[in-house]
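Chains as they are written, first to last, in full-length UniProt numbering: chain A, 1 to 174; chain F, 1 to 673.
Hints were generated in silico from the structure; no laboratory data involved.
Virtual Cβ for every residue (Gly too), placed ideally from N, Cα, C.
Each hint should be verified, as a subset may be incorrect.
[To be verified] Quick list of simulated restraints, FRET-style, between CB atoms: (1) A/F61 <-> F/R98: 56 to 64 Å; (2) A/F61 <-> F/R82: 52 to 60 Å; (3) F/Y459 <-> A/Q16: 36 to 44 Å; (4) A/E10 <-> F/E658: 22 to 30 Å; (5) A/E97 <-> F/G622: 40 to 48 Å; (6) F/G622 <-> A/G139: 42 to 50 Å; (7) F/E391 <-> A/T81: 58 to 66 Å; (8) A/Q140 <-> F/Q117: 44 to 52 Å; (9) F/S187 <-> A/G109: 27 to 35 Å; (10) A/E10 <-> F/G126: 18 to 26 Å; (11) F/G126 <-> A/T102: 23 to 31 Å.
[Unchecked claim] On the chain A side, residues computed to face chain F include the following (Cβ under 8 Å): (12) Y43; (13) T46; (14) T60; (15) G134.
[Claimed, not checked] To spell it out: a stretch of chain F is covered by chain A in this simulated footprint if at least three of its residues, at any positions, have a beta carbon under 8 Å from a beta carbon of chain A; those stretches are: (16) 166-173; (17) 377-386.
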Amino acid sequence: MERKFERLQEIIESHQGKVAHLIAILQEVQEEYRYLPEEVLTYIATAMKVSPATVYGVATFYAQFSLIPKGKYVIRVCDGTACHVRGSEPIHFALRENLGLTGGESTTGDMQFTVETVSCLGACGLAPVVVINGDEVHGQTTPESIVGAIKRIVSLEKQGESKSPSETGCCQNA
Amino acid sequence: MSSNGKLIIDGREIDIQGEKNLLEIIRRAGINLPTFCYHSELSIYGACRLCLVETDKMGLVAACSTPPQEGMVIRTNTLRTRRLRKMVIELLLANHERECTTCSRSGRCKLQLLAHQLGVKEVRFGKRDKKVPLDLTSPSIVRDPNKCILCGDCVRMCKEVQGLGIWDFAHRGSKTVVTTAFDKELSDVACVNCGQCVSVCPTGALTVKSEIDKVWNAIHDPDKIVVAQIAPAVRVALGEEFGLNAGEDVTGKIVAGLKLIGVGRVFDTLFTADMTTIEEANELLVRLEKNENLPIFTSCCPAWVKYCEQFHADLLPNVSSCRSPQQMFGSVVKKYYAKKLNKRPEDVFVLSIMPCVAKKFEAQRPEFTTGGVPDVDAVLTTVEIAQMFKEASIDFTALPNKAFDNPLGVGSGAALIFGASGGVMESVVRYVSGLTGGDEVGRIDFLPVRGMEGIKKAYVKAGGKILKLAVVNGLANTEKLISMLKSGEASFDAIEVMSCPGGCVGGGGQPEVNDTVARTRRAGEIYEMDRVQQLHKPQDNYFVVKAFEEWFGGVNNHETHHALHTTYVPRRRINGKPFIMNDSQSQRLQVSVCLGTGCYLRGAYDVIKEFNDLAENRGIAGQIEINGTFCLEKCDNGVSVNVNDEIITGVSPENAGEIFINKISPLVDKNLR
Ligand code: SF4
Ligand code: SF4
Ligand code: FES
Chain A
1 MERKFERLQE
11 IIESHQGKVA
21 HLIAILQEVQ
31 EEYRYLPEEV
41 LTYIATAMKV
51 SPATVYGVAT
61 FYAQFSLIPK
71 GKYVIRVCDG
81 TACHVRGSEP
91 IHFALRENLG
101 LTGGESTTGD
111 MQFTVETVSC
121 LGACGLAPVV
131 VINGDEVHGQ
141 TTPESIVGAI
151 KRIVSLEKQG
161 ESKSPSETGC
171 CQNA
Chain F
1 MSSNGKLIID
11 GREIDIQGEK
21 NLLEIIRRAG
31 INLPTFCYHS
41 ELSIYGACRL
51 CLVETDKMGL
61 VAACSTPPQE
71 GMVIRTNTLR
81 TRRLRKMVIE
91 LLLANHEREC
101 TTCSRSGRCK
111 LQLLAHQLGV
121 KEVRFGKRDK
131 KVPLDLTSPS
141 IVRDPNKCIL
151 CGDCVRMCKE
161 VQGLGIWDFA
171 HRGSKTVVTT
181 AFDKELSDVA
191 CVNCGQCVSV
201 CPTGALTVKS
211 EIDKVWNAIH
221 DPDKIVVAQI
231 APAVRVALGE
241 EFGLNAGEDV
251 TGKIVAGLKL
261 IGVGRVFDTL
271 FTADMTTIEE
281 ANELLVRLEK
291 NENLPIFTSC
301 CPAWVKYCEQ
311 FHADLLPNVS
321 SCRSPQQMFG
331 SVVKKYYAKK
341 LNKRPEDVFV
351 LSIMPCVAKK
361 FEAQRPEFTT
371 GGVPDVDAVL
381 TTVEIAQMFK
391 EASIDFTALP
401 NKAFDNPLGV
411 GSGAALIFGA
421 SGGVMESVVR
431 YVSGLTGGDE
441 VGRIDFLPVR
451 GMEGIKKAYV
461 KAGGKILKLA
471 VVNGLANTEK
481 LISMLKSGEA
491 SFDAIEVMSC
501 PGGCVGGGGQ
511 PEVNDTVART
521 RRAGEIYEMD
531 RVQQLHKPQD
541 NYFVVKAFEE
551 WFGGVNNHET
561 HHALHTTYVP
571 RRRINGKPFI
581 MNDSQSQRLQ
591 VSVCLGTGCY
601 LRGAYDVIKE
611 FNDLAENRGI
621 AGQIEINGTF
631 CLEKCDNGVS
641 VNVNDEIITG
651 VSPENAGEIF
661 INKISPLVDK
671 NLR
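Isolated chain F (complex conformation) (with noise of 0.2 Å):
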């Protein structure tokens, strides 16, 4: 069908090359069909049909949906098409709550461009007319529904790409919505707030939780010092908010830009990133030693982190130990930087610019603070930092070029690459060759782990050994690396895992338009500017060696430990209540078996069967209530029984029969004397 062949797009010739649906020809053709379902990287739906075009066999057609057949002529011009796409329009906006002018959504969305540049002039539809709150619960992210207009995006970004499926249609017709499992919250579903549902919005239904005015007031407030640290992959994005090409290189302008609304000091995520590798570097070579909790998993992704917490607390003991970069960056600077300056944590502000959503959930988290208060107080994205810089009226393509502020301004070339799917695992590989080959290791380009692909998988010999790594990005195909894992089809000494498609180079945070074309071109500035960076390996960075020697006394000693790395806690899924299986009210002994995912697996089920089985058998069934409930949250240790508020976790079919007689059979005759 796709054939290569010849079809009449408006009158003109055009090959087909492979194609797959219409529109990519249209497209290519030079006309840019506007479209709110269609992206190139997920499913088709098909729904929206803003893409209709005439065709003289089939008559109108969605293009998005439709293959290209050798000699078909198409129209996508006509009376007809215009009027349709106008009415799709029309119709959209009739149930669309029009506040435009206070939407954060605002001359970005979709639906407001469309109808404009389709020549919309009036809505002849009835006014929405009721209008429901708004779910702010997330840290990251803020869910408008009256804004929604059902085009399933978000639903197929995160079923497809993260393998999530935290969206999808709930009931029917008229009363059709995109929500949460049970209409939750987004705090009380597994959302890992990466942000990706959020670049695939169209409308302002979804957006990213802006901080701007926290920071706008840190830095009005004379008795803060703003300090402000800048990820990777923000540097060759930004400028893509003010009409450059997506990978521009603007670090000089930002950091300009920064220091001209009122920002203290400008340092550099890039230093931590060094920190990082070169901790995380080392507790690799211990496991490895040791054979102990191997493979390793990079912990730099927070979304990555909570996915982990929440689907693999099993595995949590194998996850790096390391603070993200942003955690390290803010730990150092109200631990050791803020005396420097002669100021209490509480008075040294720090500002993260990630191309990230999820890193504010990370800067969240109860663990990162120092002196009570948190190592990390605002976070902005790409976006919302471009976003400061117009409501400060600056001309960003005209700023100058500025240095970044000393100490905390130098980062080594293998830092840089954190930025892109690879980097940190290049990093690792860069600072292990160095430590192990010595002075004569010149640069090392480590290429396989470099790309878009989604599974990457690499050998390195380091000491006489040979590792084997392995690097995903996207949570599906983190799941199914895993599974491969957990079946023992692959096996892996270190494995890099970013949640993002190409790394944080696509990150939930980046401009728009953030797809694969977008985030290759970034991720290809990001090895250019690699390329021509003196400091190499991460060992290379004079500040950062300094630095361990100064505060630490050393690397991954006990100190590091203190202020560089953390501890991970399993999460549930789904905020559920406990379930009852039997009827009764009496006050009988409590027990309750985990159905949460994990214990699930393990055989939850058959535990629970062999208690009633032994309940039965012992009669003592009368004096006891073996109830299911949704995850206790002790996941990494086999299924967990809480009895009485006690919790026993390691249980397991095969030894449910001695926990039941040991354990729980004794507190029944305690009862009943």
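Next up, chain A with everything else stripped away, as it sits in the complex (with noise of 0.2 Å):
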């Protein structure tokens, strides 16, 4: 039987509940989410003894940090100085575009993508950059290579034949 909350108890404890590790104990807990639910933001505060809303402040500071589900597959486009300017727009637009997204949605209906854009990955020699579940680096992307990549994800998953997301626990409907 999976217990998420036990490995939740565990990260706090290993911090020992201190408030100064609060944004590790969130970057930790969102690895085993994959999202921070309003629940365990909740239970957050109750255990290291803050209230909600600073922890609900902190949660909504910073960009990685995501308060709503995120696909199996998270896209991370470069927006950068570089990246911009070596055409991400385009990229960008494209995938919204292959996988259906639109207005300010950013996750598939499947829940399968998450497409995001972020400011610098520090790859700017790679220009233009996009990064999947935090560990595959494409470079030197074009609107078809990207395209093409997300065609062998969508075939890869129909074989069943999929590699396991790089976080554990994965996303609700999985």
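Hints given; two lone chains; assemble the complex.
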């Protein structure tokens, strides 16, 4: 039986519940749950004896934290100056179009893909850069190449041979 | 650094008198530098940049966050400082909804005031383009995010003084907002409605929820009679709204003003404050005799009561069951006085005039009704009643003094001091001393519980015993005291809690400026009024003694418990959804373990672990679904567990195994069959 709460408690304990470690704790917790659900943030606030509003404030301050569930594949398009100049915008656009994301949406309805932009991944030599699930780096991408990469993931998923996402625990409907 | 010495402010030599920052010295020197984010009672934030001054060595600095140094040369009034101050206001106004004339803060808004004072004639920057909805869910407070200037005053007030931290900054950059946890509505978070954040908010972003129109309607309704009660702390503060000094006694003028606008009977909350003391002191004496539910906590402060319900449900049996004076008043008017008037409870409109914003919440609690109608129909703050007088064009300072109506218009000095921190305790001491010492007991002035200090401790001899008493104000202080109590570091027999600093004189509904100076003056006048009051102890109030006899046939009995006492409910801090811990959607036995604060602290997590292990050991893990859930509102009694919609309380890590085997596991077998 999976016990996510145990992990949450372990994480808090490994930091001795120190408020100064709040950001680190949130990071680890997000790795565990892939996002920061309201209930988990409330739990953290209670366990650390700070107000839920404070934890919410920290969680919304940093772009790396997400309070809504993300897809199984999180695609980050770098939009730092170098990438921007070399055409990150059309790449971002192509991705969203290919995945059918509209308006303010960043995650596909089937919870498979999340597309977001980040400011500078520090790999400007490879611009424009796209990173999938934090470890799969695509350099010198074009709209075509990145759409190709997505197609590959989709077909692997269909064959059931997808590599499991780097984070444990996975999303709720996996 | 702040060693005494001298510095130069605008060419004048000024002594440093131990001040921690330049701002305090500059203000002492007669220059009232404008500020948004500085409050002497809160930590220093240094964000609004209004207090900028030029110094010889450091250039431009924020006076509020710069320590004074010997020999410093400071200029407050230069081209640069004036230009910058104006610009700060302009920038704030650019992002602020500027519907000033209809804003409830208009006329007392600091932003409006400073724009005028600093000569801002145009706003050169863009206009706020989007309007976000107001939060009207709280019975006490209205939040209008469109008017927030992000000064952070409310954030620090709620965190530092009340220890609650309801507000905080969220998001970043141009998207920054001050909001609640998860941007929830105020009624969905642990706010206790004390109104202290409203007190410090410089703009119309946080305001008191007005009930003025409701009261006008009742006054103009020919079928209704409006019966008013006035709390002690109001009479020493209301004058401030009309330019009088803090602490001026305007009791008689308030009575006169109320009659003038058409209030039918004007009574005094002091009457039921005397009843409160008598009931509560008797409750204490019984508990002392039985040695149970000690220490007793006072229950007059509705913000404290809600706080206790949310965070210390295990202490609820210790909270006095007495209703607050406001609610006792509502109850006796609707149950007894209405009959005297030959009226039905719904035709008597009870108007409360309070220094307090949480009283609005209290009046709406479902427990406080008679014949299906609320005991208190409307609660107006000191500021709101002043507003009514203004709406009626009453020249308040010119009003003659009028006396309260009878019989509910008489109160002792002991009731009067309810308005200051320590007053309820002193009143109890007076009553008990009178009771045990008889007639020869003269005046009892119990000085150790008086004053603005956050936590006060005192001892008193009563019936051969020494009672240990504590008086706290501010919920952060209260939390400190409770943790001392729970850790065994301290023990008491009785504890008075008031949520607002200094007690009700510092309530969230009091006029601005509501700082320590104003509070001390108001409390000072209350004690002065008490000093000249003939009726000293509650039992000296003949009308109250008679009312107890007539209506209830005595004190602290079945009748009084029906009309003057109440019960409490554990409450959740935040309205959360259950937290799913495993991925099953099947029809398995649902077991949810409460992870609310109380249960968390009593080892809810260990209970879950124990349940999970046992489920696995007994091979029924597949038939059972164990969840964590956020607060089942049964917080008084160990960890609570919900099994198929039935709540088992009193679970602990120690008895978890037993409970699982006896109460949960058999249900699985039943499910299987
Ligand atoms: S009313 Fe009191 S408890 Fe509520 S947010 Fe304001 S300061 Fe905090
Ligand atoms: S709500 Fe008022 S006190 Fe709080 S940050 Fe905004 S303007 Fe300041
Ligand atoms: S008062 Fe100094 S920065 Fe706001």
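Going down the list of hints, with the structure as the test:
no., hint, in the structure
1, A/F61 <-> F/R98: 56 to 64 Å, "29 Å, violated"
2, A/F61 <-> F/R82: 52 to 60 Å, "34 Å, violated"
3, F/Y459 <-> A/Q16: 36 to 44 Å, "39 Å, holds"
4, A/E10 <-> F/E658: 22 to 30 Å, "26 Å, holds"
5, A/E97 <-> F/G622: 40 to 48 Å, "44 Å, holds"
6, F/G622 <-> A/G139: 42 to 50 Å, "47 Å, holds"
7, F/E391 <-> A/T81: 58 to 66 Å, "59 Å, holds"
8, A/Q140 <-> F/Q117: 44 to 52 Å, "59 Å, violated"
9, F/S187 <-> A/G109: 27 to 35 Å, "33 Å, holds"
10, A/E10 <-> F/G126: 18 to 26 Å, "49 Å, violated"
11, F/G126 <-> A/T102: 23 to 31 Å, "29 Å, holds"
12, Y43, "6 Å, holds"
13, T46, "5 Å, holds"
14, T60, "4 Å, holds"
15, G134, "22 Å, violated"
16, 166-173, "holds (count 7)"
17, 377-386, "violated (count 0)"
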